[in-house]
Amino acid sequence: MGPELRGKSLILIILLCSGVNFMLVGYDQGLFGGILAGVRFQNMLGNPGPTMSGLVTAIYDIGCALGAVAAFIWGEKIGRKKSIILANFIVVVGAAIQTASFSYWQMFATRIITGVGVGFSTVAVPILQSETLPARNRGALLVIQSALIIIGVAIASWLCFATLHANNSLQWRFPVACQILFSLIVLVLCLFIPETPRWLAKHGRKDEARHNIGRLLDLPETDEEVEGQLAEIMDNIAAEHNQEEPTWSEVFSNATKARNLQRVVLGMGPYMMNQWSGVNALCYYLAYILQNYLGYSQSMSLILASVAFTQYAVFSWPPYFYIDKIGRRWTVMGSSAGCAICMAVIAGCLLKNDFSMAAAAVAFMFLFLDCFTLGILPVSWSYSAEIQPLRVRNKSTAVGVFSHWMSNFVVVMVTPIGLNNIGGNYFWIWAIVCASFVPLTYFFGVESAGRTLEQIDQLFHDHPTVFMGTNPEAKRVLYQSKDDEEQRYRDIGEKRLSISHVEEK
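Quick note: the sequence shown uses full-length UniProt numbering, first residue 1, plus one each step.
Mixed in with the good hints there might be a few duds.
Stated by the list, open to error - So the derived label-pair ranges between C-beta atoms look like this:
#1 255 / 435: 41 to 47 Å
#2 435 / 410: 15 to 21 Å
#3 162 / 462: 53 to 59 Å
Unchecked claim - BS3-like cross-link-like pairs, simulated, lysine-lysine; straight-line CA separation at most 30 Å:
#4 206 / 325
#5 77 / 325
#6 352 / 257
No wet-lab data here; the hints were simulated from the structure. Just so you know, even glycine gets a beta-carbon here, dropped at the ideal spot from N, CA and C.
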């Protein structure tokens with residue numbers, strides 16, 4: 001156990017631990033795109049065709065989906081912190097064996113193992129952040145996480161380019177082995193982070209919850225703000241009545257005050273938008289597409305892909321400044337519209353096979369990645385953990401993560417097949433799907449910006465309707481300063497202490 005950090009230092013370590021974990025997610029997204037076309041890697045795999053190449057790439061996502069299932073079953077029992085530790089230990093084991101692979105089927109099996117660890121962590125990390133970061137700027141802080149995903153993609157691409165001309169299997173073994181480094185860093189940082197107060201309170205460890213709230217706020221445990229935050233959490237737990245472990249049927253039921261089924265579907269939405277935007281048709285295969293379908297050399301393809309992912313990483317930071325101001329809904333709708341336009345232009349450019357049209361297609365692939373990272377990406381990895389009720393948060397988030405990785409599997413699996421059969425027309429599919437996200441978000445999306453997790457619960461208690469996006473209160477962004485947030489908790493704490501004094505008399 002490391003030293004007991006408090007306040008800003010503790011928040012910084014939580015962000016760093018979460019960020020490195022999601023840098024690994026991005027690294028894995030860019031890894032196979034960089035090594036798949038390599039001669040030595042292809043020889044080790046036995047020079048597979050498009051279907052088998054897609055399968056060995058996409059099977060990682062099946063592992064991630066299995067990791068989400070594991071989180072559904074065991075995540076709530078062992079807590080957020082232990083889930084992250086277990087997940088990264090699995091990644092270390094899987095990546096070590098993956099590095100030593102010598103055949104297609106060994107690589108196939110070890111991709112699943114590594115995926116299980118990554119899938120498990122992608123359930124736990126967003127919940128850890130949503131339950132520890134302050135409501136007033138939670139979205140902005142979560143942007144850091146999504147930005148680090150893209151930095152991971154860029155690192156993978158540049159590293160694969162750096163080892164491209166190695167004269168042996170170092171060409172691909174070294175980039176694969178670097179997965180271990182990310183997980184080892186996360187495991188070290190986990191020594192310094194606490195379990196979340198909400199998980200502790202839910203499991204009857206009220207004193208520990210109070211202590212960790214004090215650590216996060218850098219205040220004494222007796223402070224009214226600490227008492228107010230704990231009181232709000234305890235009131236929310238009491239409102240759910242049943243303290244037993246939630247069942248499958250409860251997670252998928254709307255016959256609850258919290259409207260669990262509706263919130264599971266809402267939480268799945270941005271996760272599926274992330275994948276069904278078509279982004280991983282590019283992230284996993286950009287270098288492969290540039291080389292095999294647009295006629296660029298392997299070196300130039302990797303350089304262009306690396307530049308694209310670097311630009312992608314740069315454009316992942318602007319949402320920090322507006323995601324809590326304009327809210328999650330408008331962030332997603334603007335991003336989706338931009339993505340739809342870019343995909344339509346890419347498809348149109350690829351109808352004619354000449355250099356100028358190919359260059360235009362590449363330019364709009366760059367722009368697509370920018371549009372995606374300016375909206376869909378930062379919301380997709382935070383929204384589900386924000387929108388779910390505490391009682392089923394782990395299970396509901398696991399369902400969303402499962403849908404994300406299964407969708408990822410389908411996209412990654414069919415992309416080589418789709419490109420091989422219908423060429424550039426493949427991108428029309430993504431244009432239409434991206435355009436559909438705009439009305440879906442407008443009519444069904446609930447705004448979470450500026451609200452505590454307990455205030456989001458109250459929205460569903462007070463406004464139980466399917467078309468939440470049409471309710472003025474449910475689509476309103478709350479603007480709270482640090483002073484507003486502190487005063488709110490102090491008022492709750494003062495009221496709770498007054499009631500306690502009356503009851504004692």
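Hint check results:
1. 255 / 435: 41 to 47 Å: For residue 255 and residue 435 the Cβ distance comes to about 34 Å; the hint is violated.
2. 435 / 410: 15 to 21 Å: 19 Å, holds
3. 162 / 462: 53 to 59 Å: 55 Å, holds
4. 206 / 325: 34 Å, violated
5. 77 / 325: 36 Å, violated
6. 352 / 257: With Cα atoms ~55 Å apart, residue 352 and residue 257 exceed 30 Å; violated.
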